[in-house]
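These protein sequence lines map, in sequence, to chains A and B. Read left to right, the first sequence gives residues 1 to 180 (our numbering). Read left to right, the second sequence gives residues 181 to 357 (our numbering).
Keep in mind that the hints were calculated from the coordinates and are not lab data. No experiment lies behind these values; they were computed from the predicted model shown. Hints are supplied without guarantee of correctness; some may be wrong.
Partial chain B-side listing against chain A, Cβ under 10 Å, derived [as the list claims (entries may be wrong)]: (1) Gly221; (2) Met247; (3) Ala249; (4) Glu284; (5) Cys286.
Positions of the beta carbon are idealized from the N, C-alpha and C atoms, including for glycine.
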Amino acid sequence: MNPVSSVSSQWYMLTVIGNDQPGIVARLTAALFQAGVNLGETSMIRLGGNFTIMMMVQSNNGMDKLQSAIADTAESLSLRVHIDPIEAHLHSHLMPDVEITVYGADRAGIVAEVTGALFDAGLNILDLNSDVAGTEAKPVYIMIIEGHATRGMEPLEQALSKLKNRGIEVTFTPIDTLMG
Amino acid sequence: MSVLEVLTYPDVRLKKRSEEVSQFDDDLRQFVADLQETMDGGPPSVGIAAPQVNRFQRIVIVDVSGMLAQAKQRKRRIKSSNNGRLCLVNPKITRAEGQVSGREGCLSVPDYTGNVLRASRITLFAQNTEGEAREYECSGFEARAVQHELDHLDGLLFLDRLVSSNELFRRQVYKLT
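Given these sequences and hints, build the entire structure.
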């Protein structure tokens, strides 16, 4: 990373998707580095055979230059790119105070049902990732959520115990962060 | 007494191994008082290790009683032993069992927390500031705090032991079946 200090530097959210293949991250970040672009927080994950990237990038050369800096790399790897200017800051993490893991036989509506109940109980989701495991005949949905309980743990526990009665396995773990 | 400066990563001194204490004198006791004052004067924490304040000797302070009391006020129960304030000189873990995941942060690693696996019960040998031998049994949160602080004495940060939430979930499900 090379800190960009110019007052005109702007953060962008760079979204990249494409068929998964070795070298996407290395080649894309090399192109950004060579163009003097600074990287911030990122999330990169393979979803259903696609490689997906959400990346905070900081540049003082404008959106067009950012686009052209990675155009060749994107074309040669058949990646689709989307860029949004964003208001963003580093070092402004909200620390999660609860982790919820959910799994059950996959069926329509499971995410809406769980997250709806959690929202009503005051959960602010900070990180959610989910996967479909099992087999095609018997898919299993797995979801891991980290969040901040804005109204405390009790309403969340109540909401989750109702879900347990509907065939969804839920593990609720308060996060007591050790500061040492 | 004085509040000492806390080193923060990427300061490479945090990766140094600390030496055994051999002199149990007034200088040691003065340092421990300063270390305590530094811990009390900083952000709320359950422990501090000498190398975090640029002294590379095997000395740590652990005290989970404040955190446990706070949790109790919020009607939260944290699994933990409570030996009160522990000043540990030349500490060694002589027995460790169980493995449990938990979230850790560090005064020396601002603005980041992560999941770390630690032994759930430990037996601990240490000396006090007079050089007298002591043995402690710690479990849960207190055991985690001791292991976190002892790691500093070997130049290890919790960043060296991070595990992902996904990995923890796989272990959890595996254990259930």
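Each hint tested on the structure:
The criterion of a C-beta within 10 Å of any C-beta in chain A is not met by Gly221 (chain B), whose closest approach is roughly 14 Å, and the hint is violated. Using the Cβ-Cβ criterion of 10 Å, the hint placing Met247 (chain B) at the interface with chain A is satisfied: the shortest such distance is roughly 8 Å. Hint status for Ala249 (chain B) relative to chain A: violated, with the closest Cβ pair at about 13 Å, above 10 Å. For Glu284 (chain B), the interface hint holds, the least distance from its beta-carbon to any beta-carbon of chain A being 5 Å, beneath 10 Å.
Hint status for Cys286 (chain B): holds, given a least beta-carbon distance of 6 Å to chain A, under 10 Å.
Checked against the numbered hints given earlier, this structure breaks hints 1 and 3; the rest are met.
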